[in-house]
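Asks: As you go down the protein sequences, you meet chains A and B in turn.
Note that UniProt numbering numbers the first sequence so that position 317 is 317, with each residue one more than the last.
Note that UniProt numbering numbers the second sequence so that position 54 is 54, with each residue one more than the last.
Think of the hints as simulated: they come from the structure by calculation, not from any bench.
C-beta atoms are modelled at their ideal positions from N, C-alpha and C, and glycine is treated no differently.
Hints may be right or wrong, so weigh each one.
[Unchecked claim] Derived DSS-like pairs: lysine-lysine, alpha-carbon spacing no greater than 25 Å straight-line:
1. A:K181 to B:K68
2. B:K191 to B:K181
3. B:K203 to A:K203
[Said to hold, decoys possible] For the chain A half of the interface with chain B, some residues (derived, Cβ under 8 Å), not all of them:
4. H37
5. E46
6. L49
7. N144
8. A147
9. Y151
10. P189
11. I432
12. P433
Chain residues, written in single-letter form:
2 protein chains.
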Amino acid sequence: MPARTIKLGVSMIGLGYHLANWRHPDAPANGNMSLQHAMRVIQAAERGLFDMGFLADGVGIRFHDEPKGALCRTAKNVQFEPLTLLSALAMVTRNIGLVATASTTYNEPYHVARKFASLDHISGGRAGWNVVTSVTDMEARNFNRDAAPGYDLRYDRAAEFVAVVRGLWDSWEDDAFVRDKVSGINYDPTKLHVLNHSGPHFKVAGPLNIARTPQGAPVIVQAGASDQGRELAAATADVVYAAAQTLEAAQAYYASVKGRMAKYGRHPDELKIMPGLMAIPGRTRQEAQDRYDILQELVDPLVGLGALSNYLGDLSAYPIDGPVPEPPNRRMHSRAGIFLDIARRDNLSIRQLYLSIAGGNGHRTVIGTPADIADAMEEWFHHEAADGFNILPPWLPGGLEDVVDMVVPELQRRGLYRTAYEGSTLRENLGIPYAAFGKAAYRPAAE
Amino acid sequence: MPARTIKLGVSMIGLGYHLANWRHPDAPANGNMSLQHAMRVIQAAERGLFDMGFLADGVGIRFHDEPKGALCRTAKNVQFEPLTLLSALAMVTRNIGLVATASTTYNEPYHVARKFASLDHISGGRAGWNVVTSVTDMEARNFNRDAAPGYDLRYDRAAEFVAVVRGLWDSWEDDAFVRDKVSGINYDPTKLHVLNHSGPHFKVAGPLNIARTPQGAPVIVQAGASDQGRELAAATADVVYAAAQTLEAAQAYYASVKGRMAKYGRHPDELKIMPGLMAIPGRTRQEAQDRYDILQELVDPLVGLGALSNYLGDLSAYPIDGPVPEPPNRRMHSRAGIFLDIARRDNLSIRQLYLSIAGGNGHRTVIGTPADIADAMEEWFHHEAADGFNILPPWLPGGLEDVVDMVVPELQRRGLYRTAYEGSTLRENLGIPYAAFGKAAYRPAAE
Ligand SMILES: Cc1cc2nc3c(=O)[nH]c(=O)nc-3n(C[C@H](O)[C@H](O)[C@H](O)COP(=O)(O)O)c2cc1C
Ligand SMILES: Cc1cc2nc3c(=O)[nH]c(=O)nc-3n(C[C@H](O)[C@H](O)[C@H](O)COP(=O)(O)O)c2cc1C
Numbered sequence: 001m002p003a004r005t006i007k008l009g010v011s012m013i014g015l016g017y018h019l020a021n022w023r024h025p026d027a028p029a030n031g032n033m034s035l036q037h038a039m040r041v042i043q044a045a046e047r048g049l050f051d052m053g054f055l056a057d058g059v060g061i062r063f064h065d066e067p068k069g070a071l072c073r074t075a076k077n078v079q080f081e082p083l084t085l086l087s088a089l090a091m092v093t094r095n096i097g098l099v100a101t102a103s104t105t106y107n108e109p110y111h112v113a114r115k116f117a118s119l120d121h122i123s124g125g126r127a128g129w130n131v132v133t134s135v136t137d138m139e140a141r142n143f144n145r146d147a148a149p150g151y152d153l154r155y156d157r158a159a160e161f162v163a164v165v166r167g168l169w170d171s172w173e174d175d176a177f178v179r180d181k182v183s184g185i186n187y188d189p190t191k192l193h194v195l196n197h198s199g200p201h202f203k204v205a206g207p208l209n210i211a212r213t214p215q216g217a218p219v220i221v222q223a224g225a226s227d228q229g230r231e232l233a234a235a236t237a238d239v240v241y242a243a244a245q246t247l248e249a250a251q252a253y254y255a256s257v258k259g260r261m262a263k264y265g266r267h268p269d270e271l272k273i274m275p276g277l278m279a280i281p282g283r284t285r286q287e288a289q290d291r292y293d294i295l296q297e298l299v300d301p302l303v304g305l306g307a308l309s310n311y312l313g314d315l316s317a318y319p320i321d322g323p324v325p326e327p328p329n330r331r332m333h334s335r336a337g338i339f340l341d342i343a344r345r346d347n348l349s350i351r352q353l354y355l356s357i358a359g360g361n362g363h364r365t366v367i368g369t370p371a372d373i374a375d376a377m378e379e380w381f382h383h384e385a386a387d388g389f390n391i392l393p394p395w396l397p398g399g400l401e402d403v404v405d406m407v408v409p410e411l412q413r414r415g416l417y418r419t420a421y422e423g424s425t426l427r428e429n430l431g432i433p434y435a436a437f438g439k440a441a442y443r444p445a446a447e
Numbered sequence: 001m002p003a004r005t006i007k008l009g010v011s012m013i014g015l016g017y018h019l020a021n022w023r024h025p026d027a028p029a030n031g032n033m034s035l036q037h038a039m040r041v042i043q044a045a046e047r048g049l050f051d052m053g054f055l056a057d058g059v060g061i062r063f064h065d066e067p068k069g070a071l072c073r074t075a076k077n078v079q080f081e082p083l084t085l086l087s088a089l090a091m092v093t094r095n096i097g098l099v100a101t102a103s104t105t106y107n108e109p110y111h112v113a114r115k116f117a118s119l120d121h122i123s124g125g126r127a128g129w130n131v132v133t134s135v136t137d138m139e140a141r142n143f144n145r146d147a148a149p150g151y152d153l154r155y156d157r158a159a160e161f162v163a164v165v166r167g168l169w170d171s172w173e174d175d176a177f178v179r180d181k182v183s184g185i186n187y188d189p190t191k192l193h194v195l196n197h198s199g200p201h202f203k204v205a206g207p208l209n210i211a212r213t214p215q216g217a218p219v220i221v222q223a224g225a226s227d228q229g230r231e232l233a234a235a236t237a238d239v240v241y242a243a244a245q246t247l248e249a250a251q252a253y254y255a256s257v258k259g260r261m262a263k264y265g266r267h268p269d270e271l272k273i274m275p276g277l278m279a280i281p282g283r284t285r286q287e288a289q290d291r292y293d294i295l296q297e298l299v300d301p302l303v304g305l306g307a308l309s310n311y312l313g314d315l316s317a318y319p320i321d322g323p324v325p326e327p328p329n330r331r332m333h334s335r336a337g338i339f340l341d342i343a344r345r346d347n348l349s350i351r352q353l354y355l356s357i358a359g360g361n362g363h364r365t366v367i368g369t370p371a372d373i374a375d376a377m378e379e380w381f382h383h384e385a386a387d388g389f390n391i392l393p394p395w396l397p398g399g400l401e402d403v404v405d406m407v408v409p410e411l412q413r414r415g416l417y418r419t420a421y422e423g424s425t426l427r428e429n430l431g432i433p434y435a436a437f438g439k440a441a442y443r444p445a446a447e
């Protein structure tokens with residue numbers, strides 16, 4: 001058996017994760033709407049033998065324009081739609097997985113099943129679906145609602161949604177299509193399975209009008225932090241994106257999610273947990289810090305306040321260098337409490353708080369030499385906190401290229417990372433099995 | 001002003017239009033799920049300087065399995081999802097327009113606006129949306145319903161849906177994004193327009209989270225035959241796909257749709273009417289007929305009955321060489337009456353009726369020399385029956401390559417067709433203007 005190695009993904013939306021990304025001197029300012037830019041990013045990740053490129057998504061702008069003027073000072077406003085962009089990028093890549101986000105709250109399972117199956121065919125087995133339930137009211141307002149549905153309702157619908165999608169992916173057995181010109185038989189009708197799903201949220205007949213996909217079924221990715229989120233991940237996910245700052249928190253999350261898998265008949269290795277990691281390498285620690293500071297110095301206070309407002313509401317009425325007040329309009333977001341705790345613990349001013357989240361937005365951040373970053377990864381990887389990492393470049397493409405050029409070779413030198421892709425599908429590279437007929441289907445929702 | 005020239009599109013779904021397409025000796029039997037095949041098709045169309053490749057679509061299988069065994073003998077069962085496929089094909093083409101079908105009955109306008117805008121960006125201004133309302137109950141059953149909503153409801157929703165999509169495409173003015181790294185201003189907030197639509201079917205706030213597209217707005221295509229369909233086309237379409245067998249019928253349709261445009265403040269030239277045309281060229285008429293007969297002889301009777309069942313219900317209980325009976329289960333489809341009339345008029349047997357629709361499925365069919373086909377086009381083009389044609393190849397890729405290699409040069413020789421693309425966007429090639437801000441927006445629905 002080959003040694004267990006670190007899996008790597010990259011968040012490749014727009015111009016990167018940092019609030020000031022587009023103002024970086026070397027960033028293409030129009031990168032969030034440039035196909036050339038997206039090609040350069042995914043090709044850098046593939047050069048780095050990454051398992052997957054990941055496109056976060058919202059069905060609407062997800063950055064509050066509070067205080068007014070915040071939104072027009074960020075690049076977190078426009079972007080390509082993920083499934084169309086990844087279909088295009090499939091044509092200029094060969095091995096890297098292509099993971100798009102799609103919401104279970106504002107979609108229909110038939111569309112989602114079909115589009116991801118189509119991407120899997122187009123890419124030769126490299127598609128993944130990041131399942132999200134869409135937390136913001138801004139998205140809800142684009143879909144006939146004033147506010148996002150309640151938490152339980154969203155997760156209830158999500159569980160049934162995923163089950164329907166998996167059922168639809170099982171419409172056709174692997175060898176259903178015989179296409180015998182002589183007899184005129186195109187497919188074997190005993191190998192077509194009609195779903196006829198009927199549940200509290202969905203009535204979906206099927207079958208899917210696309211053949212079984214090269215991976216059997218696209219990879220399912222989840223990022224839930226809550227109890228329901230973990231349960232859904234344990235039941236259905238192949239990959240989980242997590243957000244943890246400390247080894248202990250990451251270990252607790254890892255144990256919690258993997259511990260729930262047995263009751264769904266799953267082995268812990270069937271799911272890869274990949275915490276977010278903002279890695280900023282430099283030849284020296286000082287160089288790395290200097291690289292980070294370029295961006296930190298470019299954070300417009302309005303944008304910083306805007307970022308905070310996404311969690312705590314608008315704090316612009318308070319002195320920016322004064323203490324963080326009890327938030328006037330705290331939002332329904334799992335990170336709101338975490339950020340407040342940090343502010344209290346470290347006695348941060350409003351400015352210090354927004355600068356502390358300007359980069360990783362609550363994700364672990366490591367600024368240092370390639371060895372420092374490899375150490376940080378290795379520690380979590382070897383101590384049941386991570387199977388890999390979802391790299392969050394502060395800016396693109398440079399922030400990713402630095403990781404590819406500096407950190408990847410260090411990981412390879414340590415035998416922690418592949419030196420060539422193991423296979424041509426995302427499942428092969430992740431080391432998880434082809435989704436055989438019947439295996440991808442319906443799993444019971446959490447009791 | 002350059003001479004008016006014929007516009008050409010091609011229906012490029014799967015293996016072509018003929019019922020026996022996949023059994024053609026030279027057809028790749030797996031073509032409906034082969035990316036290589038789709039690339040060969042679109043590249044042939046681009047070699048032929050076609051305005052656009054068009055992907056028909058259903059959100060479900062749209063071919064009844066009646067009598068049982070019909071569906072598994074056709075290739076009209078599985079296909080790529082259009083928006084993902086066209087995004088991929090955008091990467092291997094430069095000039096040809098890319099038109100995908102999307103249903104207004106089973107989608108949300110925000111998703112549709114976004115995905116087509118994204119395709120327009122990816123392709124550098126070559127996206128088009130074929131607006132359909134989805135007539136079959138088979139599709140309805142994949143979306144929480146037992147049957148398609150009634151006609152009026154579908155068209156009412158469609159009119160509002162298109163208005164919302166156009167409104168969303170106007171979220172950002174052309175020059176909204178200034179992206180000034182020095183001042184930190186990414187876009188000019190006075191050039192962002194929030195839709196805040198609220199109507200009987202939709203409540204959609206906007207703005208769209210993607211920039212104004214290279215064409216200002218993707219091209220809108222329509223194919224409605226009914227009164228409501230024509231009204232929607234006159235109000236909103238840039239291109240109309242029509243189905244007519246005779247010059248008189250085509251002229252009547254042409255006059256009817258163009259005649260409705262003035263009340264929406266539109267000039268008749270702003271809309272291109274492109275009837276479907278199955279063109280089968282041969283060096284001689286006999287060769288052309290022989291080419292067609294290869295396919296006709298491969299129509300399995302079950303598949304022929306299946307095709308009829310889509311309009312008239314299952315006729316398998318009647319003698320196949322006997323007269324067409326009063327249909328036991330006639331479906332809600334505008335072509336059902338037309339086919340019945342033809343059967344009565346020409347005294348056709350069931351077999352003769354299905355063979356008569358096995359190719360063009362009710363569309364005009366011309367089998368002959370390149371000059372015959374060019375004559376047929378020229379007649380309609382010069383007599384207010386057509387601005388161009390939507391070529392329906394009986395099989396792919398050969399049926400299209402024959403048109404490109406034989407008919408296109410004949411049209412060019414006559415000065416009826418371009419010898420090079422006029423521009424790089426679909427609008428430029430169609431000769432319709434860029435959709436400037438404010439122009440794409442909200443048109444009133446038909447009174
Ligand atoms: C790395 C990561 C990426 C995420 N990407 C998205 C995204 O693209 N779109 C989205 O709506 N939510 C996204 N989320 C939010 C999660 O789906 C989820 O709502 C959040 O982690 C809170 O978890 P909970 O809903 O279980 O409380 C992401 C979360 C994480 C940690
Ligand atoms: C050339 C052509 C292409 C069409 N493509 C589709 C399609 O891809 N999907 C679909 O659901 N309907 C399609 N239709 C059906 C039309 O949208 C419309 O429902 C039909 O022409 C009947 O018109 P009516 O609804 O106004 O009666 C097509 C029609 C024509 C003539």
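Asks: If a hint holds in the structure, say so; if it does not, say that too.
Replies: Hint by hint, here is what the structure shows:
Of the pairs offered as hints, the one joining K181 (chain A) and K68 (chain B) holds, with about 19 Å between alpha carbons and a cut-off of 25 Å not exceeded. A C-alpha spacing of about 18 Å is found between K191 (chain B) and K181 (chain B), which places the hinted pair at or below 25 Å, so the restraint holds. A hinted pair counts as satisfied when its Cα atoms are at most 25 Å apart, and K203 (chain B) with K203 (chain A) qualifies at roughly 24 Å. Taking 8 Å as the C-beta contact cut-off toward chain B, the hint placing H37 (chain A) at the interface is violated, the least distance being around 12 Å.
Because the smallest distance between the Cβ of E46 (chain A) and any Cβ of chain B comes to about 15 Å, over 8 Å, the interface hint for this residue is violated. Checking L49 (chain A) against chain B: minimum C-beta separation of about 23 Å lies over 8 Å; hint violated. A distance limit of 8 Å between C-beta atoms decides the matter here; for N144 (chain A) the minimum to chain B is near 5 Å, and the interface restraint holds. This hint is violated: A147 (chain A) has a C-beta 12 Å from the nearest C-beta of chain B, more than the 8 Å allowed.
For Y151 (chain A), the shortest C-beta to C-beta distance to chain B is roughly 22 Å, which exceeds 8 Å, and the interface hint is violated. For P189 (chain A), the interface hint holds, since its Cβ comes within 8 Å of a Cβ in chain B; the closest pair sits about 5 Å apart. Against a cut-off of 8 Å between C-beta atoms, the interface hint on I432 (chain A) is violated, since the closest Cβ of chain B lies about 23 Å away. Because the closest C-beta pair between P433 (chain A) and chain B is about 22 Å apart, greater than 8 Å, the hint is violated.
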